[in-house]
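Engineer: Take a look at the letters that make up each chain.
Protein chains: 2
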Amino acid sequence: MYNLDNIIKERLKPEQLKQFNKIYYGREDHCKLKLLESTIEVSARNNFDVAGYSFSAAKEEVRKPNILRLGLIQHSIALPTDSPICEQRQAIFDKIEKIIDVASSENVRIICLQEAWTMPFFLCTREKERWAEFVESPSDGPSTLFLSKLAKKHEMVIVSPILEKDEDGVWWNTAVIIDEMGNYMGKHRKNHLPSVGSFSETSYYAPGDTGHPVFETKYGKIAVNICYGRHQALNWLMFAINGADIVFNPSATIAEFGETFWGIEARNAAIANSYFTCSINRVGNEEFYVQNEKKSRTYYGSSYVTAPDGSRTPGLSKDKDGLLIVEVDLNLCRQIKDKWNFNMTARLDMYTKALAQFK
Amino acid sequence: MYNLDNIIKERLKPEQLKQFNKIYYGREDHCKLKLLESTIEVSARNNFDVAGYSFSAAKEEVRKPNILRLGLIQHSIALPTDSPICEQRQAIFDKIEKIIDVASSENVRIICLQEAWTMPFFLCTREKERWAEFVESPSDGPSTLFLSKLAKKHEMVIVSPILEKDEDGVWWNTAVIIDEMGNYMGKHRKNHLPSVGSFSETSYYAPGDTGHPVFETKYGKIAVNICYGRHQALNWLMFAINGADIVFNPSATIAEFGETFWGIEARNAAIANSYFTCSINRVGNEEFYVQNEKKSRTYYGSSYVTAPDGSRTPGLSKDKDGLLIVEVDLNLCRQIKDKWNFNMTARLDMYTKALAQFK
Numbered sequence: 001m002y003n004l005d006n007i008i009k010e011r012l013k014p015e016q017l018k019q020f021n022k023i024y025y026g027r028e029d030h031c032k033l034k035l036l037e038s039t040i041e042v043s044a045r046n047n048f049d050v051a052g053y054s055f056s057a058a059k060e061e062v063r064k065p066n067i068l069r070l071g072l073i074q075h076s077i078a079l080p081t082d083s084p085i086c087e088q089r090q091a092i093f094d095k096i097e098k099i100i101d102v103a104s105s106e107n108v109r110i111i112c113l114q115e116a117w118t119m120p121f122f123l124c125t126r127e128k129e130r131w132a133e134f135v136e137s138p139s140d141g142p143s144t145l146f147l148s149k150l151a152k153k154h155e156m157v158i159v160s161p162i163l164e165k166d167e168d169g170v171w172w173n174t175a176v177i178i179d180e181m182g183n184y185m186g187k188h189r190k191n192h193l194p195s196v197g198s199f200s201e202t203s204y205y206a207p208g209d210t211g212h213p214v215f216e217t218k219y220g221k222i223a224v225n226i227c228y229g230r231h232q233a234l235n236w237l238m239f240a241i242n243g244a245d246i247v248f249n250p251s252a253t254i255a256e257f258g259e260t261f262w263g264i265e266a267r268n269a270a271i272a273n274s275y276f277t278c279s280i281n282r283v284g285n286e287e288f289y290v291q292n293e294k295k296s297r298t299y300y301g302s303s304y305v306t307a308p309d310g311s312r313t314p315g316l317s318k319d320k321d322g323l324l325i326v327e328v329d330l331n332l333c334r335q336i337k338d339k340w341n342f343n344m345t346a347r348l349d350m351y352t353k354a355l356a357q358f359k
Numbered sequence: 360m361y362n363l364d365n366i367i368k369e370r371l372k373p374e375q376l377k378q379f380n381k382i383y384y385g386r387e388d389h390c391k392l393k394l395l396e397s398t399i400e401v402s403a404r405n406n407f408d409v410a411g412y413s414f415s416a417a418k419e420e421v422r423k424p425n426i427l428r429l430g431l432i433q434h435s436i437a438l439p440t441d442s443p444i445c446e447q448r449q450a451i452f453d454k455i456e457k458i459i460d461v462a463s464s465e466n467v468r469i470i471c472l473q474e475a476w477t478m479p480f481f482l483c484t485r486e487k488e489r490w491a492e493f494v495e496s497p498s499d500g501p502s503t504l505f506l507s508k509l510a511k512k513h514e515m516v517i518v519s520p521i522l523e524k525d526e527d528g529v530w531w532n533t534a535v536i537i538d539e540m541g542n543y544m545g546k547h548r549k550n551h552l553p554s555v556g557s558f559s560e561t562s563y564y565a566p567g568d569t570g571h572p573v574f575e576t577k578y579g580k581i582a583v584n585i586c587y588g589r590h591q592a593l594n595w596l597m598f599a600i601n602g603a604d605i606v607f608n609p610s611a612t613i614a615e616f617g618e619t620f621w622g623i624e625a626r627n628a629a630i631a632n633s634y635f636t637c638s639i640n641r642v643g644n645e646e647f648y649v650q651n652e653k654k655s656r657t658y659y660g661s662s663y664v665t666a667p668d669g670s671r672t673p674g675l676s677k678d679k680d681g682l683l684i685v686e687v688d689l690n691l692c693r694q695i696k697d698k699w700n701f702n703m704t705a706r707l708d709m710y711t712k713a714l715a716q717f718k
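So the protein lines, in turn, are chains A and B.
Number 93 in the numbering used here belongs to position 93 of the first sequence; there are no gaps in the numbering.
Number 536 in the numbering used here belongs to position 177 of the second sequence; there are no gaps in the numbering.
Among the hints, erroneous ones may be present.
List time: in silico DSS-like cross-link candidates among lysine-lysine, alpha-carbon distance up to 30 Å [claimed, not checked]: (1) A/Lys294 with B/Lys696; (2) B/Lys696 with A/Lys128; (3) A/Lys337 with A/Lys218; (4) A/Lys9 with B/Lys391; (5) B/Lys372 with A/Lys18; (6) B/Lys654 with A/Lys18; (7) B/Lys391 with B/Lys698; (8) B/Lys698 with A/Lys295; (9) B/Lys423 with B/Lys580; (10) A/Lys221 with A/Lys339; (11) B/Lys679 with A/Lys18; (12) A/Lys295 with B/Lys696; (13) A/Lys22 with B/Lys677; (14) B/Lys381 with A/Lys18; (15) B/Lys511 with B/Lys423; (16) B/Lys511 with B/Lys524; (17) A/Lys128 with A/Lys295; (18) A/Lys218 with A/Lys98; (19) B/Lys696 with B/Lys391; (20) B/Lys372 with A/Lys318; (21) B/Lys368 with A/Lys318; (22) A/Lys337 with B/Lys487; (23) B/Lys677 with A/Lys337; (24) B/Lys381 with A/Lys318; (25) A/Lys294 with A/Lys95; (26) A/Lys337 with B/Lys654; (27) B/Lys577 with B/Lys511; (28) A/Lys32 with A/Lys59; (29) B/Lys377 with A/Lys13; (30) B/Lys698 with B/Lys712; (31) B/Lys712 with A/Lys221; (32) B/Lys487 with A/Lys339; (33) B/Lys653 with B/Lys487; (34) A/Lys320 with A/Lys128; (35) A/Lys221 with A/Lys149; (36) B/Lys418 with A/Lys295; (37) A/Lys34 with A/Lys153.
Where chain A lies over chain B, by a calculated footprint (3+ residues, C-beta under 8 Å) [said to hold, decoys possible]: (38) 365-378; (39) 547-560; (40) 593-602.
It is worth saying that the hints were derived from the structure and are not from the lab.
Just so you know, these numbers come straight off a predicted model, no measurement behind them.
We put the beta carbon where it would ideally sit given N, CA and C, even for glycine.
Using the sequences and the hints, build the whole thing.
Structural biologist: Pasting the structure below:
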C-alpha cells in the first residue's frame, strides 16, 4: 500500500515540508529516534515495522527531566479465524513476544497492545458462544500469565486489553495493567460501547463499572480509554482530572467507522487535557463465516502518539504489524498546563451544576 | 503568502489528492460552490477573497431537506490603531457592509463576524481606558444599529461578537444575535477567558454568566463559543445538550497561541457533538504603542467550517479579508447522531456524579 506521507515528502521542497508538518503534525520536524541495528534486522526478518520519535520538554531547575520510552504495538491475527482457539492465541503470542523483545532492547518502559489483542475481533459476528474461550480472567488468564513473564523479564509495564470473564461469568471489555515486576496491578473496563449500524458490542458485555482509574506505575501515571471511548470528551477529561500523564487508546476500528477522523480525536484529547495520548489500532483483514455468510473486516492500523502540545508522530502503516517507540519527557505535561491554563479556566463547578440540571 | 494546499494540489496525482483530502479534510472532494460573476468581480475590486463549499445530507422520507447557506467573515482592521476611534470603527463598517452585500447576493442566511470585530484586538496592550469607547451596549450600540439595518435589508441572521459594557459599566466579551428582521434577539457572554503568558483578558472583563444559550433563529438553532472557549470540551458539549445545530467560534488568535491545532479543536467538536462548527479568525497585523514600546500581533485567518461527519472545508487565507460561504443541510446533524450514537452512549449521569464528587 502506498504511503501518502512519503509521496508528499518527495514532492515538497524542504521549507514546504516543514510547513506541511507544522500544520498537519504540529511541528516542523518529526524528531526521529535512531534505532539499533538489531532492531532493524529483527523487525525485517519477522515482518514488522519499527518507527521511533521523541518529544522533548524544557529544562527545569527543580525537577529533573522525566524521560522514558513508550511502546505501541499494532498487529494482525496470525491464523485463520476458524483455527483452534488455543492455536490462534499461541500464534499471536509468538509474534508479540518477538516485538516486545525488540521494544525492550530499545529501552521501552511502558507498552500497550491493541484492543482484544489475543483474538480476532469477532464482535462483528453476533455470535457469542463460538468465541467464549478467548475470554479470560484478567488476573490469571493465559494472556496475563504470558505477559507477566515478559513484564518481569524486561522490567516493563504492560497494558493488555483483553475480553474479561468475571467470577459470575459476565463479560467485560477490559484493559489489564501488569507492573514491571510482572504483577497484576489492576484493570479498567471500557466505559462506552458502540452500537453503529449492524455492529453492536452491547450484546457481549456491559458498559464499564470501574470509573476512570489512573495507575501510578513506576514509570508514570497512566490510564486507558478503550476504543469507542475516544469519542467521548468527558471520558478523556476524567482521566485528566484523576491525574493521568499518558492515556492509551487501544482500538479495533475499520475505515467506515471514522478513519477520516482517526487523527483528530486522540490528538484533540491530548491538547484539551495536557497529557500524552497513544492511539493504537489493529491491522489486517479478518474473515468470518456466520451462518454460511462471509463477513470480512479490514483494520487500518495508523497507530500514533500525540504530545500535550498537540504535536504528533506520523502513523504506523495501514496494513502491517508495527512497533511505535516514542521517547517522552513527562515534564511536558505540567509545562503545557502552566502555559495554556486549560484546567485553571475549566470552570468545572459551572458544568457540574449545568449537567445536574440537565439530568 | 504561498498557499500550501495549492502546492500540494499541484504536486499530487488526482488519486493521491483524493487520499490527501480524505485524511486531512475528511472527504475526497471539497464540493465547491459555483459563485456568481458579480461576487468574483466585487470581491476582487474590494480586495477580499470569497470561497464556497457545500455539505449534503441523505434524502429522508418524512423531513424535507433543510438547506441553507452560512457565511463567515474574517477581516483586518482598516485604519492604524492610533486613529480616532469613530473613524477606525466606521472604516471597518464600510468594508463589512460590502462583504455582507455579497453574502446576501449569494443567499447567505446566517452570517458570523470575528471576535471583537469592530476594533483592533487591543487586549494585548494591558490598557483599558484608552480603548473604552469601542465598548458598547449590545442591544443598541453602534455596531448593533449598523448590523440591524443590514440584517433587515437582507433578511439575514447576524452574529456580532463585540465588547459589551453593561448598565453598571462592567465589560463582557459578548456575541450579539440579530434576527432576520433586524431585531436584537439575545446575547452570549464568553465563558472561558485566556491567561496565556503576558496576555490576559481577565483584567478587562469577567467570565460569562449567560450559560450556554441556543438561539432558535428562523433558519436554524445556533450558538456561539467565543475564541478560547474552543479549548473546553464541556463548553462545546453544553451547546449540543441545549440543541444547537450550528456553533460559531469567532476568534482572534495568533500563531504562537496554537495555530498548529487550529484545525483540530473545532473539527473535533463537530464530530463529538454532531453539529456544524464555524471557526473564524481575524487577519492582518495590528501595532500598538504602549508606554512607547511597540507591540505587534499578526492574526492568521484560516477560517473554516466542519460538518458533523468530521469533513471540513479548506481554510480561507492566512492574511487576507475573506468571506466563506458554506451550504449545509441541517438534516445531517440528526443523521450523524443516529449513525454514531455518541449522545446515546454518553453516560452523562455517570459524569455528573463523577464531577460532583471531584468538586
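Engineer: Can you name, in rising order, the numbers of the hints this structure does not satisfy?
Structural biologist: Hints that this structure does not satisfy do not exist here, as all of them hold.
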